[in-house]
Structures are given as C-alpha cells and as structure tokens.
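Chains as they are written, first to last, in numbering that gives the first Met the number 0: chain A, 0 to 395; chain B, 0 to 269.
Derived from the structure by calculation, the hints contain no laboratory data. Among these hints, one or two may not hold up.
Unchecked claim - Taking lysine-lysine pairs in the DSSO-like style, the calculated list, with each CA pair at most 30 Å apart, reads:
(1) B:K187 / A:K242
(2) B:K187 / A:K302
(3) A:K242 / A:K380
(4) A:K380 / B:K81
To be verified - Have a look at the derived ranges for each label pair, beta carbon to beta carbon:
(5) B:N157 / A:N73: 50 to 56 Å
(6) B:F181 / A:A309: 34 to 40 Å
(7) B:L158 / A:E92: 38 to 44 Å
Claimed, not checked - Okay, the calculated bits of chain A under chain B, using three or more residues with CB under 8 Å as the criterion:
(8) 34 to 47
(9) 115 to 128
(10) 227 to 238
(11) 284 to 294
Here a beta-carbon is modelled for each residue, glycine too, at the ideal position from N, C-alpha and C.
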Amino acid sequence: MATADPIPAVSTASPPPAASLLVMVAAMPQEQLDRLLTNLTAAFPADNMLVATQNEFTPNANPALRLILAPSTNAAWASTAADFVNAFQLAQEERVRAVLMLGPGSGSLTAQALHDLANAVLSSGVDLAMPRYMLPPNAGLINSAILYPLTRALFATRTRFPQAIDLGLSLRMSERLAAAAQRFTSASQADALIWPVNEAVVAGYAMDEYDVGPRALPQPADTDINAILSLVTGSLFADIEAKAAVWQRPRRLPPPRRPSPELAHADGTVEGARMIESFRFAYTNLQEIWSLVLPPNTLLGLKRLSVTDAAEFRMPETLWARIVYDFLIAYRLRTINRGHLLGALIPLYLAWVAGHINTTAAGTSSERHIEALAAAFEADKPYMVSRWRWPDRFNS
Amino acid sequence: MLNLLAIFFQSGTNTASQTTYADNASIWRHMSEALHQSLYRVLSLFIAVLPGILAFFVALAVFTLIGMAISASLRRALTLFKFDDRMARTRGNVEWTPASSPTGLVARFSFWACVLLGLIIGVAAFDTSYATGTPLPISLLPYFTHAVGAILLLIAGNLIARFLSRSVLIGAVNAQLQYARFLSLGIKWLVLVLTAAMVLDHLEVGGDIVELAFGILFGGIVLTLALAVGLGSRDLVSRSLESHVERTGDRNPSARDGSGSNPAETIRHF
C-alpha cells in the first residue's frame, strides 16, 4: 500500500526550494573564499547549490548564492571526523542529494574541477568522486610512499590520493562516512582522519577519480615530519586493521588510467643528502628496535643500503614494500609500543624519500617510480596476508 | 700409716674422677636437652605452620586453575563477540596503545586477578596457622609481604626504564642528536638506580647507606648527562636557533593559508 511521504507533514516551514548540492567549505582566508565562490557560481546554477562555510559572512555579500554558516572545526589540512558528521547532518537538514566537501586552499581549484567532482555524484551514479591532483614530483611524498601503494594493494583501487582534501559524496556515502566519523567524535576525537576510499570499498559503493589539475596543498598545523607521519600512517594502519576481513579477500584491480601530466621537476638533492645521513645515523642506533619488527633479510637490505654511496642511494621497491608490510603487522601485533613503532619508521621513510629524489634526479619520471612501487606492494600482498594470518611465521 | 695414706689417695683420686665423669655427663645431657628442645621447637613450629603452607599452595593452585578457566572462557567469549573490533571502532586511534589486544588484556587481567586472590587467601591461611601455632619472634610474614612488594616494584621499574629508554632513543635519533644512545642509556640507568633504591628501601635493607649511595649515584648520573648534553649540544642549539630565525624571516604568509604550492619548492611530505 502506498503511503504518503511523512517529511512534508513534519516540516512546517519550507522557505526556498531544496538545493541538490551541499558544498561544505573549510575555513580559509577571505580572498580564497571569494575566488572559490566565483568558481562555484561558474560551475553550477546558484539556485541548485547551498554553500556552508565556516567563514563569517554578511548575507548581502553574495546575493546570488545561498550561504549558511557551517559548524567550526579544526580542519587546517584534511577533513576531520567532525567535518564528515557536520556534512551529513546539514545534508539531511537541507535534503540535498549530494555533498561536495572542499578543504582549505580549495580556492585554487578550477570551476571545471569543481563541476566534475560534483557532477559525478549528482548525475553519474558515482558515490565517491575523488580528485587527482597535479603535484610537483617531490610533493605529497607520504601519500606516494605509503598511502597510495598500500591502499592500492590492499583495497584494489587506483585512487592516487586516498586522503584527498576535496571530495564529492553521494548522500549514502556521506551517511556512511558520518557513521564512521561518529565513532571518533563520540570518543572525543573530532580531529581524527577518516579514509573514504576504504569505506567505499567496504560498502561496495561506486567511486571514480577525476583530474582536477594543480592545487595548493595546505600543510598540517604541525609541520614536523615526525608528527605528520605518525598521525597519518597510524590512522591508516588502524583503519586497515579494522577492515582486515575485507582486504584479505582477493580483488581485481581496475585497469590503469592514462598517466597525468606532471609539473616541472624540482631539485631536492640537498635535502636528500640530509635524509641519507639521517638514515645512516638511525641505522647505527635503532637496529635493536628494527630487529624486533623486521625479518633478517630486510635488515640485511638495510645494511647494504647504509653503506651505499649517496649518489647511488636508492631504496629498492621490494625492500620498501616489505618494510611497510612488516611495520603494519607489528602495529597489529603490538610487537612494541605503537608510538615507538611509528617513530622507528621515520628514518626508513626518509631513506625512501632520498632514494626517490635520486631516482627522479636521474631522469626517471616521478609517477613511473611511484607506479613501480605500487606494483611491488601488489606483488608482495601474499606475504602480507600470510603474515597477517600466521604472524609467527617470521620468514624472509 | 702407709695403708691409711694409700686408702686416702685412692679415695681422693676416685672422687676426682667421679666428679669429672659426672660433670662430662651433665654437659652432654644439657647439650642433648638443648638440642632436643631446639629440635622440638623447630618441629613444633614446622608442624604448626605445615597446614598453613599446604593451605597456601592449595589455595594458589586452585585459584590459578580457576583463573586459567575464567581467562580461557573470557577470551573465547570476547573473540566470539568481536570485542577487539568493537574496541578499535569506539576507541579509534588513541595515543595509549597497550602491547596486547583488548581481549588479551581482559583475559590476562582476569587470570592474574585470580592468582592474586589465591595468593591473598593462601597468605591469610598461612598467617592464621602461623599466629596460632607459635609465639616465635621471627618476622617472616611481614618480610614476605615486603618481598612481594619489592618484586612488583622491580618489575614496574624495569618496564618503565625500557619504555623511557626507547622513547628517548627514537626521539633523539629522529631529532638527529649525536648522543642519542648515551642519552637513552642515561635515562635507563637513572630509572634503574631509582628502582633499586626503592626496592632496597622497601626491603629495609641497608638503611642510610642505600639512601646515601642512591643520592650519590643519581646525582652523578644527572650531572654527567647535564654536562654531556650541555657541552655536546651547544652547536645544535645555536644551529637550531639560527634556522628558526631564518624560517621566521623567510616565512611566506601564503604557506600558512594553503596557497603555497610552488613548483620550485623542494620537499613536501604531504
């Protein structure tokens, strides 16, 4: 028997017609917000869009747009758990069909990029629209070294930026992410990171990736590499641990996309030399801790690397993949305190970065190197699954 | 006359030898009595406390078995209810992460709680039989409880020393401090010396000597560390201050607001 929709009966006042798209905008300087609003107006009909911003605004400043004030969060960099909860609450209140979440610095995104992301979730049947940024070769290195290859190997997705700053979400995807975020906010961890790609894979939702061109990447409030790496890697490791039942199943990786153009090559040899020194120093001091986590073959690889000449310094892809997997397993087994574990990973990550700088300086494309790394992670996934299931088998 | 003298001397010699013989027999008898009494008292004490000792071991064994059973059933039940996954979801990525899974922790806690309960009950039974069985002034029981406390202190001190030593080592290596290992060792020994002093003080061994030795050792280690770090890190501090001043001078305001994506920029980790 058909029943009437109960929502109109409940809502007593309905001033403007409901918008289709809710745009959640993080706090940013006013000139960036103005640029973003101009691009949004160019990308969508203004009456079809509701913009929720954390910036203070005067109602008459943008008469063409419907602006509302979003709850304030601490999203100085990536979207936090509180952002996802707020986005879904607003989406429900405003009865929109999709949500476009734009992080700090999104004023640098073009109108076309904004349109692509939003259009995907509004009319293409995609639940999660991920951006693919065009970055300089030596930018986003934690993403290139750990987040991308690990997510690709375990969750069988080619999303290049699993922790993207901007997202297009269908309503059900937004609901799912809000539910995941709710667990953190209820535990007073409103600033925790959420992994939308992993959630979409677990839920079986459709996702796609869109080239959005260059983007100004905001940096975390704490620019210390120790803090960033521990925060991001720890969060991803915890998410992988929670979704172990899903990623252990074999999945087929989608076909590769055409490679994106790269920005101009940047020189980082000075920093590379410092990182190599940092790794060598750590090698002489942290062996005792590494030996608790890494198998003998990996330690042998590190020993060889520690005596390699700086100009020839390159961490083999297979060695780095094995290191990340072994640290992930140690994280799960709590072999040592997790804070110590992630701290002990930092010099190894710096060694990978130094090798990456040398590789790109030698003329190899940065993207090609990262794709080779991701392929190494995929090839070594059976080792990861095997040790995850039978951790006592400390084989090489 | 001669006969009289002979009789006198003979009788005198006999009296002396008889007295000597009587004295020797008395000593042996006294020794024997003392030994018998001592043996009797020790055996009486042993017989008096034997039920207590047996009760102690029986209580410990029974409660250990109960603890094992409870621990195993808890582990199985919590695994069945996916307790670890639920905890991971509700707790998220918190800073404090114990070395065992939540299920393992609960199971281990229940086991050791039972063992501790058995220990308390056993000691109480031993105490009762000991108090009623003998008035001997041997302070065995208080010393035993002190020894247990000292062992706990020793274990806790070792764990804390290892944790702090690793924290300092990793932090110092990542901060590129050349004396990282030395600093880590210094912290480790500081905590170990402190633990040893606390243990000895708890056992009431050594008295003032321990306090004095601890003060000298602790002060010596702190002074050594302060001198080593202070002298060794002069260059580091000056370099750090210089680079801080340079960073402050060169800081581009756009880097803070997120528009600082410059292709010429060298390394960006995120």
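Evaluation of the provided hints:
Straight-line distance between C-alpha atoms of K187 (chain B) and K242 (chain A) comes to about 38 Å, which puts the hinted pair past the 30 Å bound. The hinted pair formed by K187 (chain B) and K302 (chain A) meets the criterion: a straight-line CA distance of about 27 Å does not exceed 30 Å. Restraint check for K242 (chain A) and K380 (chain A): the C-alpha separation of about 15 Å stays at or below 30 Å, so the hint holds. Taking the CA atoms of K380 (chain A) and K81 (chain B), the gap is near 25 Å; set against the 30 Å cutoff, the hint holds.
The given range of 50 to 56 Å is broken by N157 (chain B) and N73 (chain A), whose C-beta atoms sit roughly 39 Å from each other. A hinted range of 34 to 40 Å is violated for the C-beta pair F181 (chain B) and A309 (chain A), which are about 26 Å apart. For L158 (chain B) and E92 (chain A), the Cβ-Cβ distance of about 51 Å falls outside the hinted range of 38 to 44 Å, so the restraint is violated. Only residues whose beta carbon comes within less than 8 Å of a beta carbon in chain B count, and the segment 34 to 47 of chain A has 0; fewer than three means the coverage is violated.
For the segment 115 to 128 of chain A, the stated coverage by chain B is violated: 0 residues have a C-beta nearer than 8 Å to a C-beta of that chain, whereas at least 3 were required. For the segment 227 to 238 of chain A, the proposed coverage by chain B is satisfied: 6 residues have a C-beta within less than 8 Å of a C-beta in that chain, meeting the threshold of three. Closer than 8 Å: that is the beta-carbon criterion, and the segment 284 to 294 of chain A has 3 residues meeting it against chain B, so the requirement of 3 holds.
Checked against the numbered hints listed earlier, the structure breaks hints 1, 5, 6, 7, 8 and 9; every other hint is satisfied.
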